[in-house]
Amino acid sequence: MPAFDTILVANRGEIAVRIMRTLKAQGIRSALVFHAADQGAPALAMADAKIEITGTTPVAAYLDGSQIIAAAKAVGAQAIHPGYGFLSENARFARTVEAAGIRFIGPTADAIELMGDKVRARRFVEERGFPVAPSAIEDDDPYTFVERARTIGAPLLIKPSAGGGGKGMRIVRNLTLLEEEVDRARSEGERYFGDGRLYVERYIERPRHIEVQVLGDSHGNIVHLFERECSLQRRFQKIVEEAPSPALSPKLRQRICDAAVGIASAAQYRNAGTIEFIYGAGEFYFLEMNTRLQVEHPVTEMITGIDLVSEQVRIAAGEPLGYDQGDIKKRGAAIEMRIYAEDAARDFAPTTGQVLVLSLPDDDLARVDLGVAVGQQVTSAFDPMIAKLIVHGQTRAEALERADQALARFALLGCRTNKDFLRRLLSDSDVVAGEMHTGLIGEKPELAGPAPLDTQTLEAVLAAAALSLPSVRDGGAAAPALHAAIGGWRN
Amino acid sequence: MGALRRPPCTRQSADGETEMKHFFTVEGQSRRAWLASRGEQLILIGDRETPVRLVRGEGSASRLYVGDAVHDVLIAVNGDSVHVHIAGREIEVRFEAAVSVFEHEAEAHGDAIARAPMPGMVLSVAAVLGAQVAAGDVLLIIESMKLETAIKAPRAGVVESIHVAAGQTFDRDTALVTLAAED
Numbered sequence: 001m002p003a004f005d006t007i008l009v010a011n012r013g014e015i016a017v018r019i020m021r022t023l024k025a026q027g028i029r030s031a032l033v034f035h036a037a038d039q040g041a042p043a044l045a046m047a048d049a050k051i052e053i054t055g056t057t058p059v060a061a062y063l064d065g066s067q068i069i070a071a072a073k074a075v076g077a078q079a080i081h082p083g084y085g086f087l088s089e090n091a092r093f094a095r096t097v098e099a100a101g102i103r104f105i106g107p108t109a110d111a112i113e114l115m116g117d118k119v120r121a122r123r124f125v126e127e128r129g130f131p132v133a134p135s136a137i138e139d140d141d142p143y144t145f146v147e148r149a150r151t152i153g154a155p156l157l158i159k160p161s162a163g164g165g166g167k168g169m170r171i172v173r174n175l176t177l178l179e180e181e182v183d184r185a186r187s188e189g190e191r192y193f194g195d196g197r198l199y200v201e202r203y204i205e206r207p208r209h210i211e212v213q214v215l216g217d218s219h220g221n222i223v224h225l226f227e228r229e230c231s232l233q234r235r236f237q238k239i240v241e242e243a244p245s246p247a248l249s250p251k252l253r254q255r256i257c258d259a260a261v262g263i264a265s266a267a268q269y270r271n272a273g274t275i276e277f278i279y280g281a282g283e284f285y286f287l288e289m290n291t292r293l294q295v296e297h298p299v300t301e302m303i304t305g306i307d308l309v310s311e312q313v314r315i316a317a318g319e320p321l322g323y324d325q326g327d328i329k330k331r332g333a334a335i336e337m338r339i340y341a342e343d344a345a346r347d348f349a350p351t352t353g354q355v356l357v358l359s360l361p362d363d364d365l366a367r368v369d370l371g372v373a374v375g376q377q378v379t380s381a382f383d384p385m386i387a388k389l390i391v392h393g394q395t396r397a398e399a400l401e402r403a404d405q406a407l408a409r410f411a412l413l414g415c416r417t418n419k420d421f422l423r424r425l426l427s428d429s430d431v432v433a434g435e436m437h438t439g440l441i442g443e444k445p446e447l448a449g450p451a452p453l454d455t456q457t458l459e460a461v462l463a464a465a466a467l468s469l470p471s472v473r474d475g476g477a478a479a480p481a482l483h484a485a486i487g488g489w490r491n
Numbered sequence: 001m002g003a004l005r006r007p008p009c010t011r012q013s014a015d016g017e018t019e020m021k022h023f024f025t026v027e028g029q030s031r032r033a034w035l036a037s038r039g040e041q042l043i044l045i046g047d048r049e050t051p052v053r054l055v056r057g058e059g060s061a062s063r064l065y066v067g068d069a070v071h072d073v074l075i076a077v078n079g080d081s082v083h084v085h086i087a088g089r090e091i092e093v094r095f096e097a098a099v100s101v102f103e104h105e106a107e108a109h110g111d112a113i114a115r116a117p118m119p120g121m122v123l124s125v126a127a128v129l130g131a132q133v134a135a136g137d138v139l140l141i142i143e144s145m146k147l148e149t150a151i152k153a154p155r156a157g158v159v160e161s162i163h164v165a166a167g168q169t170f171d172r173d174t175a176l177v178t179l180a181a182e183d
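Sequences listed follow chains B and C, in order.
Residue numbers for the first sequence follow my numbering, beginning at 1 and rising by one.
Residue numbers for the second sequence follow my numbering, beginning at 1 and rising by one.
One should not assume that every hint holds.
What the hints assert, rightly or not - Pairs of lysine to any residue, SDA-like flavour, derived with a Cα cap of 20 Å:
no.	chain 1	residue 1	chain 2	residue 2
1	B	Lys-330	B	Asp-258
2	B	Lys-330	B	Leu-400
3	C	Lys-152	B	Asp-347
4	B	Lys-330	B	Val-261
5	C	Lys-152	C	Ala-166
6	C	Lys-152	B	Arg-184
7	B	Lys-73	B	Leu-114
8	C	Lys-21	B	Ser-471
9	B	Lys-444	B	Glu-180
10	B	Lys-330	B	Arg-346
11	C	Lys-21	C	Phe-95
12	C	Lys-21	B	Leu-426
13	B	Lys-251	B	Glu-283
14	B	Lys-251	B	Gly-280
15	C	Lys-21	B	Glu-180
16	B	Lys-329	B	Gly-280
17	C	Lys-152	B	Leu-400
18	C	Lys-152	B	Asp-474
19	C	Lys-21	B	Thr-455
20	C	Lys-21	C	Arg-48
21	B	Lys-73	B	Thr-57
22	C	Lys-152	B	Glu-180
23	B	Lys-24	B	Ala-317
24	C	Lys-21	B	Gly-280
25	B	Lys-24	B	Lys-50
26	C	Lys-152	C	Gln-132
27	B	Lys-444	B	Asp-347
28	C	Lys-152	C	Val-133
29	B	Lys-444	B	Leu-426
None of these hints come from the bench; they were simulated from the model.
Required output: the full structure, derived from the provided sequences and hints.
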C-alpha cells in the first residue's frame with residue numbers, strides 16, 4: 001500500500017516520462033503539469049491527469065510555483081516530484097509546497113538553501129575538514145575581490161555564487177582579461193540567476209569530474225551508491241557519463257565515497273543527492289552538491305539495480321532505507337549518452353525541427369529515456385537535451401561496444417542531433433583507454449566533425465534525396481518557369 | 001550586390017531532352033547532381049552515371065540501390081531538406097533553390113552577410129548603418145541557449161543593412177548584418 005496515491009510531476013521531457021514510469025510500476029497515479037509548447041510530447045500520453053499551465057514563456061510556466069501547487073491541489077496530489085532543473089532546487093518552492101500540506105519529493109528546504117548557495121556550501125564543507133580548491137569569494141570583501149582572485153594565480157575559474165549547471169562559468173588563463181571576464185560572468189549571473197555575486201577558484205587543468213550518488217532517509221541513515229564519472233563535457237555541460245569511474249582505484253573510491261557520505265551526513269541530508277568532486281593529480285576537491293535527482297542517475301541504477309525514483313518516493317513517505325551500505329553492490333559498467341538537438345559541426349549550435357522519424361535500439365541493447373515523439377516540434381524554448389541512451393556491460397569495453405551499437409541504431413530525423421558526434425567521441429582512443437578530462441572535447445576539435453563522406457555514401461545520400469524530392473524526381477517541372485523569370489542560362 | 005554569376009543549370013542530353021542540374025548541400029558542402037530518366041533512373045555526379053532505385057518499405061524505411069551497392073536507409077523529407085539515416089549516420093541533404101544558390105554566389109562576389117550560427121535572440125546591436133567596420137569588430141551580441149555570443153564582422157566593410165533588432169529572435173542562417181562589397 002503506497003503512502004501516496006497521486007503524485008504531481010512538475011517537469012517535462014524525458015525526466016517526466018522517467019518519473020512516471022516508476023509511479024506507474026508502483027500503482028501510483030501520476031498527474032502532470034504541461035505548457036502548450038509540449039503538446040504531443042510522450043509525457044502527456046503517459047500521465048493519468050494533465051493540467052495545463054501558462055507563462056510569458058514556456059519555461060516561465062514550469063517555474064511558476066503557485067500554478068503548480070494549485071494544480072497539485074486540484075488533482076488531490078499528496079506529493080510533488082520536481083525532477084531536475086526548474087523548481088527542483090528552489091528552497092522557497094519546497095517550503096511553500098510543504099506549507100500547503102503537500103510533500104516535496106526532495107530534501108528539506110534548509111538543505112537546498114545550504115547547498116544552493118555555492119559559497120556557503122563550500123565553506124560548510126571546508127569547515128568540516130573535507131577538501132576544497134583554493135578560492136576567492138567576492139562577498140568576503142567586494143573591493144579586494146579581483147585582487148584576491150589574481151593572487152590565486154592563473155588559471156582561474158569564475159563562477160556565479162547562485163549558479164549551477166555550468167551557466168555563467170568562465171575560465172581565465174590570461175590574468176589581463178580577468179576584469180573583463182568578471183564583468184561578463186556577472187552579467188550572465190544576473191540574467192540567469194538574478195544574482196551577480198561571484199567567486200573564483202583555482203582551475204584544475206585537465207581535471208576529471210567524479211560525483212557520488214547518496215541517499216539519505218528521514219531517520220538519519222545515509223548510504224552512497226558509488227560514483228559516476230562525467231568528465232566528457234563541453235562548456236561545463238555533461239555529454240557522456242559512466243559508472244564506475246575508470247580513474248579510481250578501490251582505495252580512492254572508498255575515500256571519495258566516504259567523503260560524500262560524510263558531507264551528506266553533516267548536512268543531515270534527506271532524499272537523493274549528488275556530491276560532485278573535481279579530481280586531478282591524485283587529489284579530489286569538493287565542487288558542489290546537487291540536491292535533486294541528476295540527469296545521469298540511470299548509470300547508477302544500471303550498476304546497482306536500485307530505482308532511484310522509487311527510493312525518492314519511499315523516503316519522502318517517511319520510510320527508512322531498510323538496507324545498509326554493505327547491501328549495495330555494483331555490477332559491471334554503465335554508460336549514458338545524452339542526445340542533444342545540436343549541430344556538432346557548427347560549434348554545437350542548437351538545432352530545431354519537427355521529429356519526422358524516430359527509430360530506437362532494442363530494449364535489451366539500451367535503455368532509452370526519451371522526451372520527444374514523432375510529430376513533435378523541437379524548439380529552442382527548452383533545453384536541447386531530448387533523449388538519453390543508457391547501456392550496460394559486464395566490462396567497460398563491453399559497455400562501450402554496446403554504446404556504439406545503440407547509437408548506430410538510434411535514428412531521429414527531422415532535427416539534427418549530436419549522435420554521430422557521440423559515436424566518434426566514444427571511439428576516441430583516449431576515451432576508450434579511460435583517459436578523460438573535462439577539456440578533452442575542446443582539445444580535439446576534429447571530433448566535432450563533420451566526418452568526411454566517402455564517395456559511396458555521398459552518392460547514396462544524393463540519390464536518396466533526388467529520388468525522394470518530387471520536384472527533382474519528376475524532372476523539375478517547376479524549374480522552367482524559374483528559368484523564364486531569370487533568363488535562359490545554358491552552358 | 002555584385003552582378004549575379006550564372007551557374008550552369010541545364011544541359012542537353014544526347015536525345016535532345018533537357019536535363020536539370022540540381023544543387024544540394026550535404027554536410028555543409030555544396031554538391032551538384034543530375035537525375036536523368038532513361039528507362040531507369042540515373043544519378044550523375046561529376047562524370048559518373050550510376051543507376052539508382054529506391055524501394056519503399058514500411059514507414060520511413062527504404063532500400064536504396066546505387067550501382068551495385070544496396071543500402072537500408074530511413075528517409076524523412078521536410079520541404080527542401082531530406083534527412084537520411086544510412087550506415088548508422090544521420091545526413092541532411094538540402095536541395096538549394098536556384099535563388100539561394102545565387103545569393104551565395106553574390107556573397108562569394110563581395111558582399112558579406114553575417115549569418116546566425118544558431119537560433120537565438122538579439123541582445124544588442126552594435127553595428128551602425130553606413131559605418132565602416134574592421135574585420136573582427138563586434139556587430140551584435142546574441143544569446144542562444146545559455147551563452148552570450150558576439151557576432152563579428154567577417155571582414156572589413158561598410159554596414160549596408162542590419163536585418164534584426166534587439167529582442168528579436170531568429171533561426172539558424174538568418175542574415176543578421178550585410179556588409180557592402182568593397183570596390
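Status of each hint after checking the structure:
1. Lys-330/B - Asp-258/B: 16 Å, holds
2. Lys-330/B - Leu-400/B: Roughly 18 Å separates the two Cα atoms, so the pair holds.
3. Lys-152/C - Asp-347/B: 15 Å, holds
4. Lys-330/B - Val-261/B: 17 Å, holds
5. Lys-152/C - Ala-166/C: 16 Å, holds
6. Lys-152/C - Arg-184/B: Since the Cα atoms of Lys-152/C and Arg-184/B sit roughly 17 Å apart, the hinted pair holds (cutoff 20 Å).
7. Lys-73/B - Leu-114/B: 28 Å, violated
8. Lys-21/C - Ser-471/B: 12 Å, holds
9. Lys-444/B - Glu-180/B: 27 Å, violated
10. Lys-330/B - Arg-346/B: Measuring from Cα to Cα gives roughly 39 Å; hence the hint is violated.
11. Lys-21/C - Phe-95/C: Holds: Lys-21/C and Phe-95/C sit about 11 Å apart, inside 20 Å.
12. Lys-21/C - Leu-426/B: Cα-Cα ~39 Å, so violated.
13. Lys-251/B - Glu-283/B: 13 Å, holds
14. Lys-251/B - Gly-280/B: 16 Å, holds
15. Lys-21/C - Glu-180/B: 52 Å, violated
16. Lys-329/B - Gly-280/B: 26 Å, violated
17. Lys-152/C - Leu-400/B: Cα-Cα ~40 Å, so violated.
18. Lys-152/C - Asp-474/B: 43 Å, violated
19. Lys-21/C - Thr-455/B: 19 Å, holds
20. Lys-21/C - Arg-48/C: 14 Å, holds
21. Lys-73/B - Thr-57/B: Roughly 24 Å separates the two Cα atoms, so the pair is violated.
22. Lys-152/C - Glu-180/B: 18 Å, holds
23. Lys-24/B - Ala-317/B: 17 Å, holds
24. Lys-21/C - Gly-280/B: Between Lys-21/C and Gly-280/B the Cα gap is close to 57 Å, so the pair fails against 20 Å, i.e. violated.
25. Lys-24/B - Lys-50/B: 15 Å, holds
26. Lys-152/C - Gln-132/C: Given pair Lys-152/C, Gln-132/C holds - Cα atoms ~13 Å apart, limit 20 Å.
27. Lys-444/B - Asp-347/B: The given pair, whose Cα atoms are some 12 Å apart, holds under the 20 Å limit.
28. Lys-152/C - Val-133/C: 10 Å, holds
29. Lys-444/B - Leu-426/B: 13 Å, holds
Checked against the numbered hints above, the structure violates hints 7, 9, 10, 12, 15, 16, 17, 18, 21, 24; every other hint is satisfied.
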